[in-house]
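Use the sequences and the hints to build the structure in full.
One line per chain: the protein sequences are Z and E, in this order.
Numbering-wise, the numbering used here puts 173 at position 167 of the first sequence, and it's gapless, one number per residue.
Numbering-wise, the numbering used here puts 250 at position 263 of the second sequence, and it's gapless, one number per residue.
Think of the hints as simulated: they come from the structure by calculation, not from any bench.
Any given hint could turn out to be false.
[What the hints assert, rightly or not] No farther apart than 25 Å at their CA atoms in a straight line, the calculated lysine to any residue pairs in the SDA-like style are these:
(1) Z:Lys177 / Z:Glu247
(2) Z:Lys124 / E:Ser190
(3) Z:Lys124 / E:Val258
(4) Z:Lys124 / E:Ala182
(5) Z:Lys124 / E:Thr197
(6) Z:Lys124 / E:Tyr118
[Stated by the list, open to error] Which residues of chain E face chain Z? A few of them, derived with a C-beta cut under 8 Å, are:
(7) Asp177
(8) Ala182
(9) Pro201
For each residue, glycine too, the CB sits at the ideal point set by N, CA and C.
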Amino acid sequence: MDRRAPVGIRFEAVSKHYGGVRALDRVSLEVEPGEFLTLLGPSGSGKTTLLMVLAGFSRPTSGRVLVGGEDVTRTPPHRRDFGVVFQSYALFPHMTVAQNVGYPLRMRNRPRAEIARKVADALALVRLEGLGDRRPDQLSGGQKQRVALARAIVFEPRVLLMDEPLSALDKKLREAMQIEIRRLHERLGITTIYVTHDQREALTLSDRVAVIDGGRIRQLDPPRLLYEEPRSRFVAEFVGESTILPVERRDGALFCAGRPLRTARPLPPGDALHLVLRPERLRLEPDPPADPSNTLAGALEDLVFQGESLLAEVRLDTGALLAVRLPAGGADPPGALSRGGRVWVRFSPEDAVLVAEEP
Amino acid sequence: MNRLAIVSEESGAEALARDARRERRRALALALPALLLVGLVALLPTGWLFWLSVIEGEKLSAAHYLRLVEEESYRRIFWTTFEIAAVVTVLAALLGYPLAYWLSRLPERWANFGLVLVLVPFWTSLLVRTYAWLVLLQRRGLVNQGLQGLGLIDEPLRLVHNWTGTVIGMLHILLPFLVLPVYASLRAIDPACLAAAASLGASPVRAFWTVFFPLSLPGLLAGCLLVFVLALGFYVTPAILGGGRVLMVAMKVQENAGLYLDWGAASALAVLLLLATLALFALLARLVPLERLLLGRS
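As structure tokens, this is what we get:
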């Protein structure tokens, strides 16, 4: 397949109101040419609405959408030249796999020989050689997904949009497909917008992730930054596992659960601060620490074997429950750690991430 | 221990199979009254009809059938019957498909309200509706007076006691039978399929003809078949609105059996109509799987 130069996308203060509900609230977003950007959010957050506005299925109430510098806000979907992969796959049940994949080329009145060649290429790309004559109802979920993908890229669209394309697949298949989608994106370089509510999927696939809630973008960052430097309590809770504890501020010093807190991280503005602790960055100790700073005291409530790791649940003296993930391989956890026993949790200043209370 | 386990496993299987058999027998017993009714009320008389149609003076004979073929009046009756059924079916499809399409695009609450309106005629007697059309369509009826009042026509149109009146009346009565299966099949189409077609470059018109219409075809065929088959057997409406000028098979059957007491001729007509209907059904079933045809599923 010959490649077209990838295009950028720009949302300018896009709003969408349904009656009194603001599904999108002045969203502005710039997507780089060739970027893989994921819209991540809980259901009802507006992420699908944003995708539908981009695809042209839904008109925004106000604002503009630009693709490659050109205003497409009022362009009907069939003139946008976007490939869309739907959650339900939306394969045409009365057509064979090859006819499904060839559909966009037929709509562009391409010559027959070219359609046949491109359909074969696209099916090979998604590893479905030889299945062209099947009907969609003769395919497994994963195969349907690949057909939908082949159909969405066969006409070399300017932009590829995917709306929770893997949510109907089981976990193993989902993970395999994630890797395939990544590989495909690297190979084709199409600007891709991907919608999901699965934070792990978002981290796996994306160049950047836009976390959306209440119709607004809460944070837009590469996966690693998003995970390590969440800028709000919502993002910290939504992306990855975390325990969130209130922080007190006295005479310029920080305290958590009555113990001094030191952080190597930037201090967010505002007074009401929270400490975000990732379970895998914590250490569990059976003896009281000499230095009380960056430690928490509690009782070991539960210790669960989960295959690659052990999950410890510590009931802090303040009553909060804290999750600690310990490596399961090799040595057993310290012998003194037993259920109901007293333990101390320690974390480094680098792992003490602070977020402000939601505005 | 192991052996014991195997033995009990087998006896368990026997008990389970016995349960399954008992379950099937119970289901059959429940269905039995209806089966008997269908047998007594439908199959037996049909067989009896068939028998009557092939005997003449206590001997086996094809005389009744030969007469149907030889006599021109009978050929004309069959022609009229199939012609009216076909015209009514085509008109019902042309009127009913857009109606069903419009209803299927409405929000569910409004669509249900619309369907109730479509169904209202079902709750009124066929006879009453037919006479109502007579009142509306006659020389001094509402339609003619309205058109004359508007100055659109000078002379009243001949809308009733003829072919036109028969078609109008039958169309009205049969339209719901087309709208309902078409509506069901349109509702079953995944809206994402249309969105997909648009995103893949199909204009609304092309998306309709390449995706929407093919997916609605089983429902449309089911509706057409239903209307056609019901129209073939119509009696009351052509009798009243046709004014004696429109003779359909069912009316001739009634005439033969009721007026001339010629059960042989009446039976032969009925059997021929039944066979023609079944043949049509078989032909369509070859094109579309039977369950799709009957249920309008795509």
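Hints versus structure:
1. Z:Lys177 / Z:Glu247: Holds: Z:Lys177 and Z:Glu247 sit about 18 Å apart, inside 25 Å.
2. Z:Lys124 / E:Ser190: holds, 22 Å
3. Z:Lys124 / E:Val258: Outside the cut-off at roughly 56 Å; violated.
4. Z:Lys124 / E:Ala182: holds, 23 Å
5. Z:Lys124 / E:Thr197: Status holds; Cα separation ~20 Å.
6. Z:Lys124 / E:Tyr118: Violated - the C-alpha atoms of E:Tyr118 and Z:Lys124 are around 63 Å apart, more than 25 Å.
7. Asp177: Since chain Z brings a Cβ to about 6 Å from E:Asp177, closer than 8 Å, the hint holds.
8. Ala182: holds, 5 Å
9. Pro201: holds, 5 Å
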